[in-house]
Each structure stands twice: as structure tokens, then as C-alpha cells.
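Asker: Sequence:
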Amino acid sequence: MDPFQHMHEWKNNLDQFFGGDFWDDFEHIVKPPIPAVNIYELDNEIIVYVNLPGIKDRKQVKVFIHDTVLELKGNLFPVKQSGKMIKQEILQGEFSRQIDLPFPVREDRITATLKQGLMTIQLHRLVDAKKKKHSIDIEEFED
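Quick note: the sequence shown uses the UniProt record's numbering, first residue 1, plus one each step.
Derived by calculation from the structure, the hints in this document are not laboratory data.
Hints are supplied without guarantee of correctness; some may be wrong.
[What the hints assert, rightly or not] Pairs of lysine-lysine, DSS-like flavour, derived with a Cα cap of 25 angstroms: (1) K115 x K80; (2) K84 x K115; (3) K73 x K115; (4) K62 x K73; (5) K80 x K59.
[Unchecked claim] Pair ranges (Cβ atoms, derived): (6) S82 x K56: 18 to 26 angstroms; (7) Q16 x F103: 41 to 49 angstroms; (8) N75 x L42: 29 to 37 angstroms; (9) H8 x R58: 39 to 47 angstroms.
Glycine included, C-beta positions come from ideal geometry on N, C-alpha and C.
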């Protein structure tokens, strides 16, 4: 039997024993606050969309690049409401996310924009100098 099938059965048994909301109390531990992303690879660029609900100021998020790793850091501020919380699904708190990119990118050609809680990051492929075809001038010597 598939190990994931065992885990699924185990979870179902605990849900039946403790009630359907047993795992809700542990969800914030199991699911750290990391923003969802969509990543698209084009021929010579990568487009990354980052869902950052509630982020209105670009200073709330930091974006770093190192080799083929894109790193996002920031803080998703909690929703404040009086009363007893019944269910919590909105991501909140500090986050740090590293995204492996399929190829090295040019550090001088990265753009990031933030509009209505959606960050768009455009990264351009780094053309390896070793793979470029260079023309070599040939000098002519007279005998």
C-alpha cells in the first residue's frame, strides 16, 4: 500500500475519533505562512506571480536573488477582530520563501511590481559567456 494512503487513512481515523475539526488546531503549525505563487517559464525569462493579500506597501516585502534561488521575505499582518475565532485560513505573520529557478538570471534585469496584493517579478535568463559564439580576429603576418 502507498505510504500516502496509510497517512490518509490515519488522518481519517483521527478525524472520526476526535471530530472533523481536530486538525484545524494544528494547521498553523503544519502550514507556515508562505504566500502562494504561480511561476511561468518562457524562452528567455521567468515570470513569478506572488499572492500577497493585504500588502499595500512595497517596503513590507523584500526580494533577493542568489544564483538560481529567488527569496521572498515579509510580514503578512493579521486580521484583527474581536470575539472568538472559529476558523483561521488567512495567512498571517512573518514569511520567508525560497523558490528554485530553472536557470540563472541576470541580476541587472529583474523587475518587481506590486498591485492590489499581487506581486509580479520578471527575471531574464543569464546567457553564459562560455556558450556564446565569439568571432576571433585573425592577424596576418608577412614573411
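Asker: State the violated hints by number, sorted upward, taking the hints as numbered earlier in the document.
Answerer: Violated hint: only 2; rest satisfied.
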